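Top line first, the protein sequences correspond to chains Y and S.
Its first residue numbered 153, the first sequence is counted upward by one per residue in our numbering.
Its first residue numbered 208, the second sequence is counted upward by one per residue in our numbering.
Note that these hints are calculated values from the structure, not bench results.
Since we're looking at a predicted model, the values are computed, not measured.
Any given hint could turn out to be false.
Claimed, not checked - Straight-line distance between alpha carbons at most 27 Å, and here's what the computed DSS-like set of lysine-lysine pairs gives:
id: 1; chain 1: Y; residue 1: K200; chain 2: S; residue 2: K530
id: 2; chain 1: Y; residue 1: K460; chain 2: S; residue 2: K409
id: 3; chain 1: S; residue 1: K538; chain 2: Y; residue 2: K200
id: 4; chain 1: S; residue 1: K621; chain 2: Y; residue 2: K180
id: 5; chain 1: Y; residue 1: K460; chain 2: S; residue 2: K710
id: 6; chain 1: S; residue 1: K309; chain 2: Y; residue 2: K191
id: 7; chain 1: Y; residue 1: K536; chain 2: S; residue 2: K538
id: 8; chain 1: Y; residue 1: K180; chain 2: S; residue 2: K538
id: 9; chain 1: Y; residue 1: K538; chain 2: S; residue 2: K516
id: 10; chain 1: S; residue 1: K319; chain 2: Y; residue 2: K538
id: 11; chain 1: Y; residue 1: K538; chain 2: S; residue 2: K538
id: 12; chain 1: S; residue 1: K265; chain 2: S; residue 2: K238
id: 13; chain 1: Y; residue 1: K460; chain 2: S; residue 2: K411
id: 14; chain 1: S; residue 1: K530; chain 2: Y; residue 2: K180
id: 15; chain 1: S; residue 1: K621; chain 2: S; residue 2: K589
id: 16; chain 1: S; residue 1: K319; chain 2: Y; residue 2: K200
id: 17; chain 1: Y; residue 1: K178; chain 2: S; residue 2: K319
id: 18; chain 1: Y; residue 1: K180; chain 2: S; residue 2: K516
One letter stands for each residue in the lines below.
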Amino acid sequence: MLRVVGAKDVDSLFQATLQRYLFRGKLKLPPPVSELELKREVCAILEKNRTTDQVLSFLGAGCWQHAVPEACNEINSRSEFLTAYTGDVYTDLGRFQALFEFQSLIGDLVAMDAVTYPSYDWATAAGDAVRMAISATGRSEVLVPRSASPDRVGVLQHYLGSGKVSFYGYNRRTGQADLDDLEEKINGGTAAVYIENPAYLGFVETDCHRIGRIAHDSGALFIVGVEPLSLGALKPPGEYGADIVCGEGQPLGLKQYYGGALLGFVACRDDERLLNATGARLITVTDTIERGERGFAFALPERVMFAKREESATFTGTTAVLWAITAAVYLSLLGPSGVQELSRTIMEKSHYAAQVLGDIPGVDAPLLDSPFFQEFTVNFGTRKVKEVHSALLRAGIQGGKDITFEFPQHGNSALYSVTEVHSMEDIDRLGDVMRRILR
Amino acid sequence: MSAPGQTAYHGARWQEPIVYELGGRGRRGFKVPTVEPELRGAVGDVISTIPTNMRREKPPPLPELSEPEVVRHFVRLSQQTFGVDSGINAGVGTCTMKYSPKVNEALVRSPKLADLHPLQDEESVQGVLELMYRVERMLCEISGMDAFSLQPRGGAHAVFTNARIIDACLRERGERQGKDEVVTTVLSHPCNGASPAAAGFKVKTVYPDMKTGIPDIEAFKRVVSKRTAGLMITDPYDTGVFDPNLEEYIKIVHEVGGLVSIDQANLNSVLGRLRIGDFGADLCQFNLHKSFSTPHASGGPGCSPIGVKKALADYLPSPTIEKVGRRYRLKYDMPSSIGKVAEFYGVVPNVVRAYCWIRSMGPEGLLETSAAATLNDNYLIKRLSGITGVTLPWSRTFPTRLQEARFSLETLRKDTGVGIEALNRRIVDYGVQRLFPGHEPWIVPEPFTPEPTESSSKEDLDRFVEIMNAVCNEAYQQRDIFRDAPYNCSIHRVDMKAASDPKKWALTWRAYRRKRASQSAIGGKNLSKAWSRRQKPVRRQR
Numbered sequence: 153m154l155r156v157v158g159a160k161d162v163d164s165l166f167q168a169t170l171q172r173y174l175f176r177g178k179l180k181l182p183p184p185v186s187e188l189e190l191k192r193e194v195c196a197i198l199e200k201n202r203t204t205d206q207v208l209s210f211l212g213a214g215c216w217q218h219a220v221p222e223a224c225n226e227i228n229s230r231s232e233f234l235t236a237y238t239g240d241v242y243t244d245l246g247r248f249q250a251l252f253e254f255q256s257l258i259g260d261l262v263a264m265d266a267v268t269y270p271s272y273d274w275a276t277a278a279g280d281a282v283r284m285a286i287s288a289t290g291r292s293e294v295l296v297p298r299s300a301s302p303d304r305v306g307v308l309q310h311y312l313g314s315g316k317v318s319f320y321g322y323n324r325r326t327g328q329a330d331l332d333d334l335e336e337k338i339n340g341g342t343a344a345v346y347i348e349n350p351a352y353l354g355f356v357e358t359d360c361h362r363i364g365r366i367a368h369d370s371g372a373l374f375i376v377g378v379e380p381l382s383l384g385a386l387k388p389p390g391e392y393g394a395d396i397v398c399g400e401g402q403p404l405g406l407k408q409y410y411g412g413a414l415l416g417f418v419a420c421r422d423d424e425r426l427l428n429a430t431g432a433r434l435i436t437v438t439d440t441i442e443r444g445e446r447g448f449a450f451a452l453p454e455r456v457m458f459a460k461r462e463e464s465a466t467f468t469g470t471t472a473v474l475w476a477i478t479a480a481v482y483l484s485l486l487g488p489s490g491v492q493e494l495s496r497t498i499m500e501k502s503h504y505a506a507q508v509l510g511d512i513p514g515v516d517a518p519l520l521d522s523p524f525f526q527e528f529t530v531n532f533g534t535r536k537v538k539e540v541h542s543a544l545l546r547a548g549i550q551g552g553k554d555i556t557f558e559f560p561q562h563g564n565s566a567l568y569s570v571t572e573v574h575s576m577e578d579i580d581r582l583g584d585v586m587r588r589i590l591r
Numbered sequence: 208m209s210a211p212g213q214t215a216y217h218g219a220r221w222q223e224p225i226v227y228e229l230g231g232r233g234r235r236g237f238k239v240p241t242v243e244p245e246l247r248g249a250v251g252d253v254i255s256t257i258p259t260n261m262r263r264e265k266p267p268p269l270p271e272l273s274e275p276e277v278v279r280h281f282v283r284l285s286q287q288t289f290g291v292d293s294g295i296n297a298g299v300g301t302c303t304m305k306y307s308p309k310v311n312e313a314l315v316r317s318p319k320l321a322d323l324h325p326l327q328d329e330e331s332v333q334g335v336l337e338l339m340y341r342v343e344r345m346l347c348e349i350s351g352m353d354a355f356s357l358q359p360r361g362g363a364h365a366v367f368t369n370a371r372i373i374d375a376c377l378r379e380r381g382e383r384q385g386k387d388e389v390v391t392t393v394l395s396h397p398c399n400g401a402s403p404a405a406a407g408f409k410v411k412t413v414y415p416d417m418k419t420g421i422p423d424i425e426a427f428k429r430v431v432s433k434r435t436a437g438l439m440i441t442d443p444y445d446t447g448v449f450d451p452n453l454e455e456y457i458k459i460v461h462e463v464g465g466l467v468s469i470d471q472a473n474l475n476s477v478l479g480r481l482r483i484g485d486f487g488a489d490l491c492q493f494n495l496h497k498s499f500s501t502p503h504a505s506g507g508p509g510c511s512p513i514g515v516k517k518a519l520a521d522y523l524p525s526p527t528i529e530k531v532g533r534r535y536r537l538k539y540d541m542p543s544s545i546g547k548v549a550e551f552y553g554v555v556p557n558v559v560r561a562y563c564w565i566r567s568m569g570p571e572g573l574l575e576t577s578a579a580a581t582l583n584d585n586y587l588i589k590r591l592s593g594i595t596g597v598t599l600p601w602s603r604t605f606p607t608r609l610q611e612a613r614f615s616l617e618t619l620r621k622d623t624g625v626g627i628e629a630l631n632r633r634i635v636d637y638g639v640q641r642l643f644p645g646h647e648p649w650i651v652p653e654p655f656t657p658e659p660t661e662s663s664s665k666e667d668l669d670r671f672v673e674i675m676n677a678v679c680n681e682a683y684q685q686r687d688i689f690r691d692a693p694y695n696c697s698i699h700r701v702d703m704k705a706a707s708d709p710k711k712w713a714l715t716w717r718a719y720r721r722k723r724a725s726q727s728a729i730g731g732k733n734l735s736k737a738w739s740r741r742q743k744p745v746r747r748q749r
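Next up, chain S with everything else stripped away, as it sits in the complex (with noise of 0.2 Å):
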């Protein structure tokens, strides 16, 4: 018989230690290149020149490890880490886990792009320079807008630089005093309330007409005044949904004299079909690690380029590229603008690769782009509202979703006493990453949002829908099997005591021994040879 809660998949399971545990004493991986004995003997001593107050005293207790040492453990760490590359994503929504071309890898890693330093003259980075130029013309033509910076750093980051630049603009004009809100909407991405509040401004959320899952007009007219600064929003919403009501909080924010931002998180599924640009919006932000195809780099570098209309390309990040004749340049002489809201000019290889995708994409790929995501999107949602437990809110206002879809398992939840958390434990077991719930407040009930991108085939999405099918199935027959699943991922069940309770928590390892060494070793005779071997008495460092 088999054991509880096994299926036909298994995770790596390394009980891969620390790497403090690894290694030691001596052992290095690295060779620090020859200092050469005229040069050291014409310096002297030169750790003297610090006065002794300011000198390290102990080296730092890092680990001691050999280059193969270093190179298995992270090789084995990585092995236990779900990408994109691994196998099923289409549960991530709101993150488009969408392939990166492997073309584009080789390419970003050529010394004549990795070898540039951001300060070099400018007649020395041309080839550089072209490109970003290039992109920023090509999400122009994208956008409808008429002018982008590369510079922020990820998608919450390019809001955060456009409610910077509303304030700039509106302090400009001298309009900023009495002007001190932003709009938004609660199931746009949480960053469009949390970015303008780090900009210091007032957040007036906006909740959808529970009846129709969008606001009702006469709801978000009321919230707008003459304090209105900005409407921060994504359209489609993280709902899927997108919101035909667009234009008119447009003309109602202008009314006001306040400006619109769309964050285009959501691009994916209408790349090529919708020019935010042509319908009034004075901001807008991508991301090229969703729409673009740059890998997510298990949480970074990304790179979220902002574009703006023309009356707003002087407040832009400094400095922009701009072409004279036949030369690229860096443009800083910008005196409206808003400064740099990072170091130089953005993430460069992230900038290189969308270039590279735009281009094997062409028009006609983009087109395909969003159709096959949106096919995939409508397929998947079709399937998946088939199973019981499963319920899509507002399928009746808004049947055809765009992007992704938010589901609900308040019906499983209610039936089963499985929710999504208990549901995400489980369907790891089955070798598909997790789904991704919603961002908080749960306006869905235990949600979750499936977004398949046009990097799923139909046998993908077919085997994810069998997975939901099976793990909802396991809700109602089985429901013990989730109070300790999962079964055949990486670690087991994790306990969340020490997240909040800071005689627990260690963010370090040094926190962890102080914390944790005088706590006496876990005994029993389940220990793994890993656990056995960490509890030798810790390495003492020099």
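Just chain Y, with the same shape it has in the complex (with noise of 0.2 Å):
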């Protein structure tokens, strides 16, 4: 190979090339290791971790502990949706199609007719939906409610562009987005109105089409945020007003990995206005030169960063393709009585949850008087928050996430996330443990 490319050795190439730059040194890197030390090393320092099936948690607030189907994970070992990239679709067919199937699929579930390919994750989601609404309407404001997830509201606040958030107010009591203080802020330079269903606090919001009302009243856009399979018990966004809805696909068949497996997708109505306004890929459904032959291809291509560089003032690239397959193998073994049943499923537990908590003199659960879905908030009263989850570790459980910071209106509150894969057993012993500790 040398010879044929007229070289004494490799390293002529990168004198050659790199000249002054090249690095003489020596990198300080541990030397080399065969795969039968790889494996031995990396599993004695996974070894140190405690996963969530040897401590009992009830974490959620934005990654959620589901149960994962093997069809999922085999799926997205397949080496060859695994190793792939961006082949066009002759060689890449599948990969099309089962784009064009996670759109379709999310479309179903959300109630809108246009899905965008995925993003990284929700509050990513959220940043391309404000930003596609500040595009389409040319204003520069969105509204978010106070009950917001603060992480994912500051995520969001990158992706504004010259646009800005502005807050409204909800009700301490219930967590109901205020609508007069709505109704006082949105104004004719309000770009779009943000609610999450259910919220971060994991109450359901139930004004949701007077929400988006007073949105399009105003003629700004109606932005949902939304966690998947809640869907199966509650009204699609596309079913009360929402223009564009964002959330998080974690939820559909992916494990936690430490936060490192999420999901954003983005839905909207199926008007140019709006699809102009994403900078993210579309796969639509066409035909092929044979008859009766379907094929696929990008809508609008002309929009994305590749085409148009910094005019598109908006990017995209490697997003999260293997899990939004990985979703639509869920989505499709789920199927619509599945969605459902594990919609109620979840709520069940959940509520069970809320009701040997609540049970517990010097705890309020939920502290937020509003229906629920899989999350709540739970208020200790006069004891941190702090010093009841250490007490609860001691006794293998981890507690939900403390919000005291997020939200000291709140005093001393966590946030509860209980899904399908907690037993009644390990509800009860949540509550045995907490009024132990409590007492």
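The task is to assemble the complex, starting from two chains supplied on their own in separate frames and drawing on the hints.
As structure tokens, then:
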């Protein structure tokens, strides 16, 4: 090969290119290991972790523990999906079709006709959604309820460009959006009104139709962020006036991976103005030259960064396609009745947990007096969450997320997540230990 | 006589229906965990707690399939997908289609990693934090930077994050006013224009001197001014040219008070041989899904850590990972931080895969990687340069390339009418992945950009050249074949009309049914079995 290249050795290739930039030192990295040694080393390090199977965990807040069907793991281990990247539809028909199916299944879950390529997570999906709204309306302000996830709002603020976030209030007792405040804040510069449903704090927003109307009456768009498994029980946002829907797909067949397996999705009305405003790729069904054969293509390819560089003022690229394919597998496995039954099961378990905790003297659960889905707020009165949770940990239980710092107005409170993975015995155990701690 | 366009290859062609066309009423592939009757008795009808106006009236109209049907469907789709593990990907430049070792896959599937919640008590996640910390340190050593964040999820996201850091740093220094421009070069990846624009900067793009392939220093100087907030470029460029003026650019931008961010998506060919931090760059980024062998996953999850010099460490997204004594912890106390750019801490399984890869390579292995990648690249360049119709712009000024090379098919197009679009439809008939053309705008006309990486053998490269040669010959001798190519792939040539027609595009099955249901079915006797199945009236959902 060197002869063909016309070089005496490989080093000369680097000398010819890197010249004075060539690093001549030796990297201070550990020496290489064999496969066997690597396995021993990494397993020994990972062994220090205690998993949510070893600790009884009630954490959620953006990443949730669910039963993951092995079929999901099998398909996302398929080496073709695992190692493909950017081929055209001729070599990668399967990847295109699986993505179209992902778009379709999410579309049916949220009742919207258009769904985009996946994004990184709920927060960045919300960023994409508000950016679309700003671009489509030519306005700059996004109204977000103070009950929304502070982390998520922090992330989405990176994506506003020249726009800005303003907050509207919520009812401290119920969590429900304060519509009077919303009506006061909304104005001709409002590009969108954002809600989360179920909200970050677990409760269900019940006045969604009205929130949508308030947005639309001002010429603003209505954006709804969702946890998808709730949609077996809750009305899909497409049926209460949402223009754009975003959310987190991790519950759809993905393990927790320390928060490293997230999947954002964005859906919207099939409206040119909105679709032209997204920087994400869009897969459409199309025909081929063979009669009756279906193909796939990127819709509106001229919008994206790859065609317009800085003029697109949005970016795309590697996102979370393998996870989107996994979500498609998951929703295909569950089907309509599976999603519905799972929604109800989660609600039953979480309501039982709220009941068990709420019966303990010194505990107020759910703190917010509203319908809820799988997460709910738990208030410990005068006891610090940190203290209570340390005691729980000693008993092998990981309490919910401490929200004392995010929501000081709610005192010593935590956000508990209960899903289909929790048995009655688990929940009773939480109750017994909690009762003992708070005695 | 063989059919037109036939080659020895034939891709899987299942004519696989859309998942909605499979299955049947009442089927399901998932059993929901049991609800204990006592528990159900205690809570009663939970659905009734939702006000009626917020209840889902009808179940979502999803398809109904058994588990075997679902698995078979998606396995078939996977068989119609061409990954690194499927065959030659040497034509897919800027993507670094290298092999991902299987041991790394086995390790990240450990429940000890997969079943961790990101908000768990830190004592219970010391193992994963240790691996993340170690990767940060390793990346510092490889880059010559002082601190890393693992949070960004892809190359464009990392460049965006770096633009946000430049913005935050200039604001804190009180210099952002009047500094509103980011300079990039057009042969850098397009995200170096798009991401700073998305972060609120005006973007100034420097074009190369068409004689040399790199910008003229004087032209570069003219674009830089006191309004320059930053320089955001790749080097080596996506043409495979390493721009030796890098240090001058950095100096020029630093002189006007701008910061320099180098997108090192093209790190693979200089691993262990170029430490950007040693040359004054303030920020950089790596794509773990490129240089560090984590699988491309059909388009993510990726993971693109960013590295910065000490002076910018305080601005990194929070939290970073710190070691206190023998314990690892997430450091949130970072008042100047730009905050999170995505939820939680990055694509953790990819961080662990990268750890495994660096550990398996060691310092010698990294050098061997860049050596093999660069030798492969230059061997391929020499071999491809001999093909009629193929030219390598700037081969006189930059005969030796790194990472990849941007060729032109302009001669072929002028001679035969076959350009990159048509050639790409035909080359896939030979059982290789298509060529990556080049990003827009096409400074190099009719471009293609091969990148063999270290994972191609000499035999792979020779085969690839043979195929390129065969396809270019076809262009000269039987160009009609290109009109309807491909012939041997999973589907035939796609009609692009739906792509830009709002009446025709359908981004979901529900939209498809709405838009196309009224159109009468396409008749004809060549209908495939799968298609005739499709023609049955769509099953009504409950």
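Original post:
Are the Cα positions of K538 of chain Y and K516 of chain S separated by 27 Å at most?
Top reply: violated, 36 Å
Original post:
Keeping to a limit of 27 Å between CA atoms, is the pair of K621 of chain S and K589 of chain S held or broken?
Top reply: Given pair K621 of chain S, K589 of chain S holds - Cα atoms ~22 Å apart, limit 27 Å.
Subject >> Agreement of K180 of chain Y and K516 of chain S with the hint, judged by alpha carbon distance not exceeding 27 Å >> reply: Cα-Cα ~18 Å, so holds.
Original post:
Does the alpha-carbon distance linking K536 of chain Y and K538 of chain S stay inside the 27 Å limit?
Top reply: holds, 22 Å
Subject >> Hint consistency between K460 of chain Y and K411 of chain S [alpha-carbon to alpha-carbon, up to 27 Å] >> reply: Satisfied, since the Cα-Cα distance of roughly 14 Å is no more than 27 Å.
Original post:
Straight-line Cα separation of K265 of chain S and K238 of chain S no greater than 27 Å?
Top reply: holds, 20 Å
**OP:** Would you mind confirming whether the straight-line C-alpha gap from K538 of chain Y to K538 of chain S stays at or under 27 Å?
**Re:** holds, 18 Å
Subject >> Restraint status (C-alpha distance of K538 of chain S to K200 of chain Y at most 27 Å) >> reply: holds, 20 Å
Original post:
Holds or violated: K200 of chain Y with K530 of chain S, Cα cutoff 27 Å?
Top reply: holds, 16 Å
Original post:
If you draw a straight line from the CA of K180 of chain Y to the CA of K538 of chain S, is it 27 Å or shorter?
Top reply: Distance of about 25 Å is within 27 Å: holds.
Original post:
Is the hinted pair K309 of chain S and K191 of chain Y satisfied, with a Cα-Cα distance of at most 27 Å?
Top reply: holds, 12 Å
**OP:** Verify the proposed pairing of K178 of chain Y with K319 of chain S, using a straight-line Cα cut of 27 Å.
**Re:** Judged against 27 Å, a Cα distance of about 34 Å means the pair is violated.
This entry does not satisfy hints 4, 9, 17, going by the numbered hints stated previously.
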